[in-house]
Amino acid sequence: MTRDWLQSALEAAGIQSARLLPLWRFMWIVSIVVFVLVVAAALWAVARHRRDAAPPPSERGMTRAILGATALTIATLFAFLVLDFSTGRAITRVPHNPLVIRLTGHQWWWEVEYDDSIPQRHLRTANEIHVPVGRPVLFQLESGDVIHSFWVPSLAGKKDQIPGKENSVWFQADTAGIYRGQCAEFCGYQHAKMALLVIAVPPDSFSKWYDSQLQPAAPPADSIAARGQSVFVSSACVMCHTIEGTQAGSNVGPPLTHIASRRTIAAGTLENTRGNLAGWIVDPQRIKPGANMPPNGLSSADLNALLTYLEGLR
Amino acid sequence: MTDVAAPPRLAAERIGSAAPAPDVAELERTWHERGGFWGWLTTVDHKSVAKRYIITAFGFFLLGGILAAAMRLQLSRPENTVLGPDRYNQFFSTHGTTMMFLFAVPVMYSLGLYLVPLMVGTRNVAYPRLNSYGYYTYLVGGLFLWVSLVLNTGPDTGWFSYVPLAGPEYSPGKRVDVWGQAVTFTEIAALVAAVEIIATAFKMRAPGLSLHRLPLFVWAQIVTAFMIIFAMPWVAVASQLLPLERLVGTHFFNPAEGGDALLWQHLFWFFGHPEVYIIFIPALGIVSQVVTTFSRRQIVAYPAMVLALVATGVLAFGLWVHHMFATGLPQMGMSFFTAASALIAVPTGIQFFCWIATLWSGRPRLEVPLLFILGFVVVFMIGGLSGVMVASVPWDLQVHDTFFVVAHLHYVLLGGGVFPLFAGFYYWFPKFTGRMLSPALGRLNFWLFFIGVNLTFFPMHELGIDGMPRRVYTYLAATGWGGLNLLASIGATIIALSVITFLANVAWSLREGDVAGPNPWEADTLEWGTASPPPPYNFAELPVVEGRGGLWSRSEARPVVTGLRSDLREVLVTTVLDAVPDHLHFQPSPSVWPLLAALATGVLFISGIFTPWGFVVGAALVTLALVGWAWPRGKELEDQRRQEQRA
Amino acid sequence: MIAGRTTIDVSDLPTTTFGHRDLAWWGTIGFILIEGTTLVIVAMVYFYLRRNFAQWPPPRTAPPDLLPGILQVGVMALSWWPVALLDRAARRLDRGAVRRWLVVCTLFAIAFCVLRGFEFAGLNVRWSTNAYGSVNWAVLVTHATLILAEALEIIVITAVFFTPRVTERHFSDASDTAPYWYFLTGSWVLLAAMIYLVPRFWTSP
Chain D
725 MTRDWLQSAL EAAGIQSARL LPLWRFMWIV SIVVFVLVVA AALWAVARHR
775 RDAAPPPSER GMTRAILGAT ALTIATLFAF LVLDFSTGRA ITRVPHNPLV
825 IRLTGHQWWW EVEYDDSIPQ RHLRTANEIH VPVGRPVLFQ LESGDVIHSF
875 WVPSLAGKKD QIPGKENSVW FQADTAGIYR GQCAEFCGYQ HAKMALLVIA
925 VPPDSFSKWY DSQLQPAAPP ADSIAARGQS VFVSSACVMC HTIEGTQAGS
975 NVGPPLTHIA SRRTIAAGTL ENTRGNLAGW IVDPQRIKPG ANMPPNGLSS
1025 ADLNALLTYL EGLR
Chain F
2 MTDVAAPPRL AAERIGSAAP APDVAELERT WHERGGFWGW LTTVDHKSVA
52 KRYIITAFGF FLLGGILAAA MRLQLSRPEN TVLGPDRYNQ FFSTHGTTMM
102 FLFAVPVMYS LGLYLVPLMV GTRNVAYPRL NSYGYYTYLV GGLFLWVSLV
152 LNTGPDTGWF SYVPLAGPEY SPGKRVDVWG QAVTFTEIAA LVAAVEIIAT
202 AFKMRAPGLS LHRLPLFVWA QIVTAFMIIF AMPWVAVASQ LLPLERLVGT
252 HFFNPAEGGD ALLWQHLFWF FGHPEVYIIF IPALGIVSQV VTTFSRRQIV
302 AYPAMVLALV ATGVLAFGLW VHHMFATGLP QMGMSFFTAA SALIAVPTGI
352 QFFCWIATLW SGRPRLEVPL LFILGFVVVF MIGGLSGVMV ASVPWDLQVH
402 DTFFVVAHLH YVLLGGGVFP LFAGFYYWFP KFTGRMLSPA LGRLNFWLFF
452 IGVNLTFFPM HELGIDGMPR RVYTYLAATG WGGLNLLASI GATIIALSVI
502 TFLANVAWSL REGDVAGPNP WEADTLEWGT ASPPPPYNFA ELPVVEGRGG
552 LWSRSEARPV VTGLRSDLRE VLVTTVLDAV PDHLHFQPSP SVWPLLAALA
602 TGVLFISGIF TPWGFVVGAA LVTLALVGWA WPRGKELEDQ RRQEQRA
Chain R
1156 MIAGRTTIDV SDLPTTTFGH RDLAWWGTIG FILIEGTTLV IVAMVYFYLR
1206 RNFAQWPPPR TAPPDLLPGI LQVGVMALSW WPVALLDRAA RRLDRGAVRR
1256 WLVVCTLFAI AFCVLRGFEF AGLNVRWSTN AYGSVNWAVL VTHATLILAE
1306 ALEIIVITAV FFTPRVTERH FSDASDTAPY WYFLTGSWVL LAAMIYLVPR
1356 FWTSP
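Protein chains in written order, with our numbering: chain D, 725 to 1038; chain F, 2 to 648; chain R, 1156 to 1360.
With the rest of the complex left out, here is chain D (with noise of 0.2 Å):
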């Protein structure tokens, strides 16, 4: 996998994250200053070999000094909760019309589902959000089972999945591009390998991308893609995935109807490639120990067969 995304606070690419940054100049150079001024008293205090026929500074003057760098203290100190109350307040504030989606934590993977007025319009996804550039997008966080946290640095802070819990969560990404998060709460064996992608791209682009995950999946395109539908529907595939238009119809694990038009696998473990896919479906254990899906022991030619109708799942 090559880095082509964007996942840090600094690098901005919305306001939720932008609005920070005044906050954090103003954190990181009030420190510089105070660092540096008293790591520099305490230094000099111990290196200035006062002579011992000097006469010791007054005690009242002493004291002084040290009210008055209280004082500096607390006014330092009321100077950031001002700032840090008014980013949080704004931050809080939730737009009007945003886009809803409803994200499920699990172990170890993300469920997305658009939420739409018309039933036909719901979509269903896993561990890769696309969203349109310029638009409040609003997430409800979930749980189905431990707590999760849903952070993309590049965009927004992050927010906890707590089951019984309904918390929620906005960003607007302000330029088109790939920003990655991964899973901010401690969520079991596999914790480090539960990533997601966002995908902000404009307008258009999104609804056509909306469009075309709400059809069913492509039928099989040859003999052996038909081979491949085959096997997934006899084989232990079927008890966890759905593939919309096919009898695969179960939601323990994340959707593969465009599994193809994905760019990663096992919740951003590994680059969407014909080889890593075939890795992934003979021992899964192997790449992410604990996950919920078992090896499985195709034959060569029935794993061909399901690759090759996997990868026209676009």
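Calculated directly from the structure, the hints in this document are not laboratory data. All clues stand as given, with none of them false.
Which bits of chain F does chain R cover? Going by a derived footprint, with three or more residues having C-beta under 8 Å, they are:
#1 187-196
#2 236-245
#3 583-596
#4 629-639
Note that the structure is a prediction, hence the values are computed from the model and not measured. C-beta atoms are modelled at their ideal positions from N, C-alpha and C, and glycine is treated no differently.
Chains F and R: place on chain D using the hints.
Same frame as chain D, but now just chains F and R:
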């Protein structure tokens, strides 16, 4: 029999000038601990118990450090496979649990258990057998955790064990139960130590050592002891409710049956935040003593220092929600916790200013302990400043649960805990052992540690900002986090070298170090007024204190207490505020019952996680042990009678 | 003899004291603080979980039976009288009276244990039913461990007083029972008000 209703007479009426020389040989016989293995098991001397605590805690520090080294090895390059997720998760969970519960907290209060009786001028802690029980309980808990790790049942849900991950559904097996009960043992030990320190510091001070003359280290220990009393029960409740949830099917944390996952976080952090200050405040006490001694003057603005310690202790209870900013609590409430978190910087700042003023107006000697204090200033300042940053809700929402926080907490705990601890160790080692640590190795120890800590943890700030979450066993090469991680791992190697240097220094100095004498640093506090190491009875004659200075302000004709019996274990109890002599207290002798009671406690909590009957059997054993402990008999009973019939 | 030194002679100070002068009393207060904090936490857990329920107790659950609760609180209130007398008798080193009141207090401690059994039976819910059941059991169990510990202590002290092993120290120990006893029973009055009255008078949010 004495007149029990008589009010204590004023010290002035007792002043005389004819003092019979103390019978040192008899004192030695009375307070002497039996030798051999049995004597070792049964000792109730606060110095022996505290030394054991310190050595054990340091052992756990080394073990926790080995886990850290293994984790740094795993993370030194992307997609590394030295440790798999299962082992890595056990390692980071055990590392955190060990460093917090088995190292940092115990090592701090055990310094108190060693030094408080000496600093206040008495012969032992208030309840010597309870003290020994506390140590054994702690040891049982620590061994239980580590034996479990070796048997591949080490905890793997973090030192915080968030539910539902740590609940029955997502963590079957015994790993989380091991965590819960290991933590329970350390809570018991800490609570016992807190009660010891409060009673010793309040009631057993030398005549004249009124509260406003108390060394700042003792003040720090008192504040810490109260914090332990009000903070530890939170995690005690939590660490009992969690095994109940897992073993007998309660629903405290199960949202499906009216429970609440966030309840756990509140319980844990209401303890967990003060916990940091339970480590930090004793360290502040160490800093004050070292700065005083090496500035060769009393601390500037003593009342402000005491108030700052107390204020820090109180404010520490108002910060717990800043560990929960990302959980979606109401914004208004969170602002309060931001303000409180910023506010606690003020008393800490005041203490920094007072230390600097003390150094400024004194005649500082840059010995190794003071060198470590300067290291503390630099490293802790970085941790404190990043602490103010994470108090900001919007900023914390970015860096919470990332390597930025890993950097922050290690700067705080190593800067605010381990640097002062090294300072304290170099400072008091002569008192503990009678020999000086080598200053040359000490400086090497310092510079390696200082460079290693900064090299390891400073890059982590950047990693966190760049999106690297905590508690990940690996990361993709394409993230670009490899370089800084490698740098951190190199830093960890330097820390290891520093610790090895320290061990070598201790090993060498124990045999070859310069003989220290009673007061090698020309320090002021009372522990330096007796031999190094102190005799079992601490002081042949208890000192009398006449001013804030202990030894510096004492005249040639040092006033002392006379009339304490030397043929049995008798200590002087004084009044709380002004330390006026009040009565004479008989202290118990060495006993094996504390050990038996601790073992029974071990059976109670350890077998309890396998079967509820374990609780029943364990409770019966604890009952037996306590009855055996309390039942008056033998020489002890005779001595008690003799003490009461003195008149 | 060392001449010219200032000394403070403490040889004629008393060896037995009571209340806050006594060293053991401070230990007792320390443990009261620890256990009191624990009870406060358990009560806070109760009210925290209370917020998650639209109905308290939840539907088809009867509130805890009042009778054992009232009896327990009543018996605990009654016990203050013998404990106060025990404290006074101990302070005047009156061994006969101490023995008498220790026996009475022991009987009271046993009564607490028996009544606690009825309180458990009268909760009308199991710990594993829901969070309401869990927290009610938690309150009762936490306080029950304190009752058991106190019962054990008073039995041991009583036993010592009926042997020739008794010393003045034990009179001080007997007197130290009082503050702990007041804490134990006083805290239950508050917790009982919570356990028995909240499900009756504060059933919905």
